[in-house]
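> The lines below spell out each chain.
2 protein chains.
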Amino acid sequence: MTTISVGAKASIKKAFSSDELEAFAKLSKDFNPIHLDEEAGKNSIFKQRVVHGALVNSLFSGLLGCELPGEGTIFIEQTIKFKAPVFLDQEIEAFVEITNIREDKPVITLRTYALNDEGTIVIDGVAIILFPGLKS
Amino acid sequence: MTTISVGAKASIKKAFSSDELEAFAKLSKDFNPIHLDEEAGKNSIFKQRVVHGALVNSLFSGLLGCELPGEGTIFIEQTIKFKAPVFLDQEIEAFVEITNIREDKPVITLRTYALNDEGTIVIDGVAIILFPGLKS
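Order-wise, the sequence lines are chains A and B. In terms of my numbering, the first sequence opens at residue 6 and continues consecutively. In terms of my numbering, the second sequence opens at residue 6 and continues consecutively.
These are calculated hints, taken from the structure and not from any lab test. Errors might be hidden in some of the hints.
One copy or two, it doesn't matter: identical chains are merged, so the pair holds either way.
[To be verified] Below, a list of computed lysine-lysine pairs in the DSBU-like style, where the Cα atoms sit at most 30 Å apart:
1. Lys86 - Lys47
2. Lys52 - Lys110
3. Lys110 - Lys47
4. Lys31 - Lys18
Assemble the whole structure, with the sequences as input and the hints as a guide.
So this is what it looks like as structure tokens:
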């Protein structure tokens, strides 16, 4: 298990399949055809189907909730900048990195970002979370 | 179809089931037991299972991508404050409301928030989106 300290980092590699985009569309009710329909993707400014930004963002939920700091994580606040599209079946790597730990409360700030397979930042942001399990 | 103008609003009512939490856990790899396990929920500060914040947030993806402004929406930036927990099977109502439309570019700012069945704000934030279909 990674030590919970400033600079600690966790990451996950993931590509989203057509089935996963459909599953997410059902959960979010986001049936925007730019995500689901080949033709609509082609006619968009991206020229192909793109993964829902909120689905890409969900990888940070997984990293924060299961890796760093891990089980028990409660989200307080999140800022997300969608910098570049993520395409269907394109592998990205999502990272969380601790940038601050409050001394008075078990509150942790992390940079949350992801790179595509060309090394381009596709999403960048900050998450502030409560981690009751933190020993201070 | 709602007119795209400052003050325009769209909303959706939704409760998340155990099956949906499990489906989202698989997509996000967020198997944090506070969401999935009855016992872990009871032992948390919330005393019961809570819905993944990133899943609650996905409702804005649906509203923005399919309702207001609708198909073709591309996320640029989002800020989310998680103000109160959303419990399993608890109905919430999520809203998006246009607060600004840029004159020089098809860029729209919306307040994105949700209320639980007691009228408490559970999530509050801002989304900035690109909507190429906007006639200016």
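> Does each hint hold? Answer for all of them.
Here's how the hints hold up against the structure:
In this assembly of identical chains, Lys86 and Lys47 lie within 30 Å of each other by CA distance solely inside one copy; the values are 24 Å within and 34 Å between copies. Taking the shortest Cα distances, Lys52 and Lys110 sit within 30 Å of each other only across copies (20 Å), while inside one copy they are farther apart (47 Å). Taking the closest pair of Cα atoms, Lys110 and Lys47 come within 30 Å of each other only across two copies (22 Å); inside a single copy the shortest separation is 49 Å, beyond that limit. For a Cα distance limit of 30 Å, the shortest separation of Lys31 from Lys18 qualifies both inside one copy, at 23 Å, and across copies, at 14 Å.
In summary, the structure agrees with every hint in the numbered list given earlier.
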